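Each chain, written out:
Number of protein chains: 2
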Amino acid sequence: MIAAEVEQDLAQLAHAGQVAELQERLQRIHPADVAEAVIDLPGQEEALVFRALPKEKAGLVFAYLPAPHQEALVKALSAEEVRNAVAGMAPDDRARLLEEMPAEVAKRLMETLGPEELEKSRALLGYPENTAGRYMTPNYASIAPEMTAEQALRHIRSTGRGKETLNVVYIVDREGYLVEDVRLGALVLADPATPVTQIPDPGLICLPVHADRAEVLREFEKYDRVALPVVDDNRRMLGIITMDDVLDMAEQTATEEFQKMGGTEALDAPYNEVGFWAMVRKRGGWLSALFLGEMLTATAMGYYEREIERAVVLALFVPLIISSGGNSGSQATSLIIRALALKELRLKDWWRVMGREVGAGLTLGVLLGAIGFLRIILWQHLHWKDYGPHYLLVALTVWASLVGVVTFGTLAGSMLPFLLRRIGFDPATSSAPFVATLVDVTGLVIYFTVGSIILRGALL
Amino acid sequence: MIAAEVEQDLAQLAHAGQVAELQERLQRIHPADVAEAVIDLPGQEEALVFRALPKEKAGLVFAYLPAPHQEALVKALSAEEVRNAVAGMAPDDRARLLEEMPAEVAKRLMETLGPEELEKSRALLGYPENTAGRYMTPNYASIAPEMTAEQALRHIRSTGRGKETLNVVYIVDREGYLVEDVRLGALVLADPATPVTQIPDPGLICLPVHADRAEVLREFEKYDRVALPVVDDNRRMLGIITMDDVLDMAEQTATEEFQKMGGTEALDAPYNEVGFWAMVRKRGGWLSALFLGEMLTATAMGYYEREIERAVVLALFVPLIISSGGNSGSQATSLIIRALALKELRLKDWWRVMGREVGAGLTLGVLLGAIGFLRIILWQHLHWKDYGPHYLLVALTVWASLVGVVTFGTLAGSMLPFLLRRIGFDPATSSAPFVATLVDVTGLVIYFTVGSIILRGALL
Numbered sequence: 001m002i003a004a005e006v007e008q009d010l011a012q013l014a015h016a017g018q019v020a021e022l023q024e025r026l027q028r029i030h031p032a033d034v035a036e037a038v039i040d041l042p043g044q045e046e047a048l049v050f051r052a053l054p055k056e057k058a059g060l061v062f063a064y065l066p067a068p069h070q071e072a073l074v075k076a077l078s079a080e081e082v083r084n085a086v087a088g089m090a091p092d093d094r095a096r097l098l099e100e101m102p103a104e105v106a107k108r109l110m111e112t113l114g115p116e117e118l119e120k121s122r123a124l125l126g127y128p129e130n131t132a133g134r135y136m137t138p139n140y141a142s143i144a145p146e147m148t149a150e151q152a153l154r155h156i157r158s159t160g161r162g163k164e165t166l167n168v169v170y171i172v173d174r175e176g177y178l179v180e181d182v183r184l185g186a187l188v189l190a191d192p193a194t195p196v197t198q199i200p201d202p203g204l205i206c207l208p209v210h211a212d213r214a215e216v217l218r219e220f221e222k223y224d225r226v227a228l229p230v231v232d233d234n235r236r237m238l239g240i241i242t243m244d245d246v247l248d249m250a251e252q253t254a255t256e257e258f259q260k261m262g263g264t265e266a267l268d269a270p271y272n273e274v275g276f277w278a279m280v281r282k283r284g285g286w287l288s289a290l291f292l293g294e295m296l297t298a299t300a301m302g303y304y305e306r307e308i309e310r311a312v313v314l315a316l317f318v319p320l321i322i323s324s325g326g327n328s329g330s331q332a333t334s335l336i337i338r339a340l341a342l343k344e345l346r347l348k349d350w351w352r353v354m355g356r357e358v359g360a361g362l363t364l365g366v367l368l369g370a371i372g373f374l375r376i377i378l379w380q381h382l383h384w385k386d387y388g389p390h391y392l393l394v395a396l397t398v399w400a401s402l403v404g405v406v407t408f409g410t411l412a413g414s415m416l417p418f419l420l421r422r423i424g425f426d427p428a429t430s431s432a433p434f435v436a437t438l439v440d441v442t443g444l445v446i447y448f449t450v451g452s453i454i455l456r457g458a459l460l
Numbered sequence: 001m002i003a004a005e006v007e008q009d010l011a012q013l014a015h016a017g018q019v020a021e022l023q024e025r026l027q028r029i030h031p032a033d034v035a036e037a038v039i040d041l042p043g044q045e046e047a048l049v050f051r052a053l054p055k056e057k058a059g060l061v062f063a064y065l066p067a068p069h070q071e072a073l074v075k076a077l078s079a080e081e082v083r084n085a086v087a088g089m090a091p092d093d094r095a096r097l098l099e100e101m102p103a104e105v106a107k108r109l110m111e112t113l114g115p116e117e118l119e120k121s122r123a124l125l126g127y128p129e130n131t132a133g134r135y136m137t138p139n140y141a142s143i144a145p146e147m148t149a150e151q152a153l154r155h156i157r158s159t160g161r162g163k164e165t166l167n168v169v170y171i172v173d174r175e176g177y178l179v180e181d182v183r184l185g186a187l188v189l190a191d192p193a194t195p196v197t198q199i200p201d202p203g204l205i206c207l208p209v210h211a212d213r214a215e216v217l218r219e220f221e222k223y224d225r226v227a228l229p230v231v232d233d234n235r236r237m238l239g240i241i242t243m244d245d246v247l248d249m250a251e252q253t254a255t256e257e258f259q260k261m262g263g264t265e266a267l268d269a270p271y272n273e274v275g276f277w278a279m280v281r282k283r284g285g286w287l288s289a290l291f292l293g294e295m296l297t298a299t300a301m302g303y304y305e306r307e308i309e310r311a312v313v314l315a316l317f318v319p320l321i322i323s324s325g326g327n328s329g330s331q332a333t334s335l336i337i338r339a340l341a342l343k344e345l346r347l348k349d350w351w352r353v354m355g356r357e358v359g360a361g362l363t364l365g366v367l368l369g370a371i372g373f374l375r376i377i378l379w380q381h382l383h384w385k386d387y388g389p390h391y392l393l394v395a396l397t398v399w400a401s402l403v404g405v406v407t408f409g410t411l412a413g414s415m416l417p418f419l420l421r422r423i424g425f426d427p428a429t430s431s432a433p434f435v436a437t438l439v440d441v442t443g444l445v446i447y448f449t450v451g452s453i454i455l456r457g458a459l460l
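Those sequence lines, one after another, are chains A and B.
Note that the first sequence ends on residue 460 in my numbering; no numbers are left out.
Note that the second sequence ends on residue 460 in my numbering; no numbers are left out.
Chain A with its partners taken away, still in its complex shape (with noise of 0.2 Å):
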């Protein structure tokens, strides 16, 4: 909200070169907004802001703003700057970090951090990429199982200092095995001579290591929590996930359904950092294959080409009568998938699913073809457009391909995902264009069959 003026305030003072005045306004703000802020300045006075802020502050704001200015900053900043700002961030995020950079920048970087935060970086990234290990900070508070309320509280007192949350602490036993997790409120609340495991608790939930990104996202979905645990095989601690991540995650998953219904590979990273010829592979990959299925439909035009030459008003509809079928498609297999993804829908609803679009397609087939009916009869009786003595059958052709066309579209459009799913696909992958491409071909095949037999006689 405040982002424009704070904007031209820090470019002012920073072009005035008035250091003493930029640190002060720089206390007042939040990180994320001076990130926000900072992003739109030209480069030169993007450094001079970012070293006007005091040290703790610096790497807050780092890992606020997006890759390439990252970069960009790491390559104008001094070594001892950039340790300063690195060391700040919180080590999931500088594995993050670690891994958008270019090799070379990357190197710089890890070279200004210290061996100790170096090695939680490698750790975190042995993992494979969107499991849990990746999204897993080593930095949690735990406590001894042995502990009262009262000497676990001291102990975090004295420990629990530049933690990533203190919301949850972790009972961690002397050979590292996870126990139970306690709110820090509950520790609070609690009498100050109980037993940290007796300590009433909601139910350990842990993620193992591997779980994906999905699979981290269902857990916290379910269990509402603001942390939960990562452990290996044997429920040894590794580390723990924070709700501000998986908000993240929830954005990025998201992101990726979406650009699937859009008929193109996820990309996988922000719009503006994906290189073009890495972004017109994903996307000419995809519309490669949806040609290759459209070209079906120049073979089923070819079929019908001497109807076509003897009723040309016949191919006057074709347009209007595929794309409604790809419409009504696309509505039908969009609400599906999304159902199917938040588990509204299951895999055994598909029948009762499959009735109830049978009647919606029914219903908007027929809503469609009177649209169209009325649209022929209204432009020959207003003599805006003859469509010829027969004009009344080539209308009754039209609105019965609409209720064919409307029901098979949304007949397929819904059955499809359920498909996808049973034969263990992700139903988002592209759903959307596939109908649209299988929903022409046979669009044409119930028009010029309905018109054929309509016309029988009077144009064919």
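Think of the hints as simulated: they come from the structure by calculation, not from any bench.
Note that the structure is predicted; figures quoted are calculated from it, not measured.
Identical copies look the same in the list; a pair holds intra-copy or inter-copy alike.
Derived DSSO-like pairs (lysine-lysine); straight-line CA-CA distance at most 30 Å:
hint	residue 1	residue 2
1	K348	K222
2	K75	K222
3	K57	K163
4	K75	K57
Add chain B to chain A, keeping to what the hints say.
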């Protein structure tokens, strides 16, 4: 993960009437898992399992159930049992429950609530839907500004039980104004004699009570908090919103975007719970609007009727050409909509994006054009189809049209979201199907114009 076996066990125990064992078994299962298992049981056994739950747990399980199950249970259980279940829910969950139930059931529910709970629910219900006021809970922990850290902890110990969260506590003065928020962790770490107002804090962020869902989501994403306070225009403290509600919000927002992208009004409720006619109305509205737009294709085709009559071969590639334009447009539009939603792109970037997308469109157009060109040559030479003596010119027409149509589709698809945002609309609003309609009509014009130039003297 354990739902399937749990479900079977519970069903068997409920069926056999082994209440004691059932109770024993339920003790050890998380409320979210009980809810998931209960959903799939027949109605009779659902109530049986529910009755076997201990009082406090019943409320938690109840909150996890989808609305129709809650409704069925309210009807099946006694007033006493309902009161126990509802009293165990958090006020914000309860407000949403009251809103989702049909009026008679809601009335029955409210009768079972004590006057204090009812007032809380009513207060929450006074704010418009989808605003901060509707998501907040008044059930937060507060401390006074004159307290020290030690006094604050003692105060929390005596008043904190049953609060929605203790992770953040709020310094509220005697007049009810919000002074500051303090993380419980910081309070525990602070020297006991420190005044609470001097405890280091990342800065107070408040949500205005009328902030809409998108704004709430944005603030949580930006500031990485587990809870944010909701205040009125005078910064008087009204309640808090916790992170678990925000994850639901993010999901709901993604669903709406996804459904709009599929060319339907947002359903605003799970697929299963929307009535048949309500759904048909929401889908029929958009479908009719798009149909009216697509009727322009019939007009455009009518305009080229003579060309089609003379060169029927042109009609064969109409669906292929326009669908390629539509697919490339929907790719571009989905990428840009999402990038705008995530603020990876801003309005002022339109110029840069345009350059990039024209480049991508040309490249993709040349690629698809080449495939189309080869398809015609190949079919001709393999004698699978005879495109006449001028087949090379036809292939050239298809190639050039695809370059033009795909470039235009990509350009229109990427610019429409900017345009919609610029004139104050939500870019997600049905951009993709609108792009398809726009591109279909323009694609026809491009195709027949290119055809009449290339085929002049040969076929036309």
